[in-house]
Every structure is written in C-alpha cells, then in structure tokens.
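Engineer: What follows is each chain in one-letter form.
There are 2 protein chains.
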Amino acid sequence: MFVIVTYDVGEKRVNKVRKHLKKYLIWVQNSVFEGEITEGKLEKCLMELSRKINKHEDSIYVYKIKIPSQITKDIIGEEKNVDDMFL
Amino acid sequence: MFVIVTYDVGEKRVNKVRKHLKKYLIWVQNSVFEGEITEGKLEKCLMELSRKINKHEDSIYVYKIKIPSQITKDIIGEEKNVDDMFL
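Line order of the protein sequences matches chains A and B.
Per our numbering, residue 1 is the first one in the first sequence, and the count goes up by one each step.
Per our numbering, residue 88 is the first one in the second sequence, and the count goes up by one each step.
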C-alpha cells in the first residue's frame, strides 16, 4: 500500500508528529510524508500518532492507495529532501 | 482523475498559489488541495501555476490517481474546512 500523510498540527506538537512519522514514512515536504507501508504497520503508526496530537486543533489526512502503481507524482519546482527540512 | 496537490511555497507567493488552485480544486488543509479534475484542466492549471512560483525555492507535488475509487482518505483530528483557512 502507498500512503500520503498530510498534516496541519499546532507548533507545540509538530516536532513530535514529524519524529514519529519519520519512523514509518519519508518526509518529502514541509507537511507531507509518503511511502509504502503494510496495513498492519500503518495501523500501529496511526494509533500511536493519534495519542500525540490534540484532536480538536490538529488535522491529519491519510490518503491510501492499495496498489502503488496506481498513483503518479509530478513535481513543479524543487524536490525537497529531508536534509533541507531540519527537525 | 483524482489529484492531491501539496505545496511548500515562499510567503510572498503562497496567496497567489492558493487563489489560483481554488479555481480548480478544493482547499482541504493548510498546504493541501484535492479534487477530481480532467487531464486537460489539470494541465492548464499547472501551466499557469508554474508561472506563479519561484522554481528554485518553491515546491509543488501533484499526486495523480486515474480512477478516484482507488484512493481512500482517513482523517485523524479535525477536518479543516476552507472557511477556517482565511486567504
């Protein structure tokens, strides 16, 4: 499965969210992680993640595509790499 | 086709990018637009968009899924609606 995780999280929590997601996915843009992951690992990742956010303030979207080849990605401008985005 | 557009754009240009994308897609999170769009309209949208950014500083990713039913979306926490996000 291929997933894209986007988030809009309060300043106080955003580093915790990023550190957590970095264990499972690739940080590709300021508020975006992506990558291939199993159903089981994603479930574990999201369960832990939901304990790190404030559900009344923060917003996390998890887009899931069962077959990775069904999604393509175009880039306009820079392709950010994780080193650009210090934690 | 279903698309997700995520962006990391300089402060000076971000409003222009949002105003432009709002003509084609739905603003669903701080740096995320999504929606169904035809190949032709997307091409027009992106051509215009690339003239509004600084390609050496800004980053725009366009995730494309040919058949919308092949993608699902889970939400943890708040579902932002565009009124929360003033332009």
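Fair warning: there could be bad hints in the mix.
[To be verified] Distance condition first, Cα-Cα at most 27 Å in a straight line; then the derived BS3-like pairs of lysine-lysine: (1) B:Lys167 - B:Lys151; (2) A:Lys23 - B:Lys160; (3) B:Lys99 - B:Lys128; (4) B:Lys167 - A:Lys66.
[Stated by the list, open to error] Which residues of chain B face chain A? A partial, calculated answer using Cβ under 8 Å: (5) Thr93; (6) Lys99; (7) Glu123; (8) Ile124; (9) Thr125; (10) Glu135; (11) Arg138; (12) Lys139; (13) Asp145; (14) Lys151; (15) Thr159; (16) Asp161; (17) Ile162; (18) Ile163; (19) Gly164; (20) Asn168.
Bear in mind the hints are in silico, worked out from the structure with no lab data behind them.
Values in this document were obtained by computation on a predicted structure and should not be read as measured data.
We treat Cβ as the ideally placed atom computed from N, Cα and C, and that holds for glycine.
Engineer: Does each hint hold? Answer for all of them.
Structural biologist: Each hint tested on the structure:
1. B:Lys167 - B:Lys151: holds, 22 Å
2. A:Lys23 - B:Lys160: holds, 21 Å
3. B:Lys99 - B:Lys128: holds, 26 Å
4. B:Lys167 - A:Lys66: holds, 25 Å
5. Thr93: Holds: closest Cβ of chain A sits about 5 Å from B:Thr93, inside 8 Å.
6. Lys99: Violated - the Cβ of B:Lys99 stays beyond 8 Å from chain A, reaching only about 14 Å at its closest.
7. Glu123: violated, 14 Å
8. Ile124: For B:Ile124, the interface hint is violated, since the closest Cβ of chain A sits about 13 Å away, which is over 8 Å.
9. Thr125: violated, 16 Å
10. Glu135: It is violated, given that the least Cβ distance between B:Glu135 and chain A is near 11 Å, above 8 Å.
11. Arg138: violated, 10 Å
12. Lys139: Violated, because the Cβ-Cβ distance from B:Lys139 to chain A comes to roughly 10 Å (cut-off 8 Å).
13. Asp145: Holds, because the Cβ-Cβ distance from B:Asp145 to chain A comes to roughly 4 Å (cut-off 8 Å).
14. Lys151: With a minimum Cβ separation of about 5 Å from chain A (threshold 8 Å), the hint on B:Lys151 holds.
15. Thr159: holds, 5 Å
16. Asp161: Holds: closest Cβ of chain A sits about 4 Å from B:Asp161, inside 8 Å.
17. Ile162: holds, 6 Å
18. Ile163: holds, 4 Å
19. Gly164: This interface hint holds because 4 Å falls under the 8 Å limit.
20. Asn168: violated, 10 Å
Hint violations for this structure: numbers 6, 7, 8, 9, 10, 11, 12, 20, all remaining hints satisfied.
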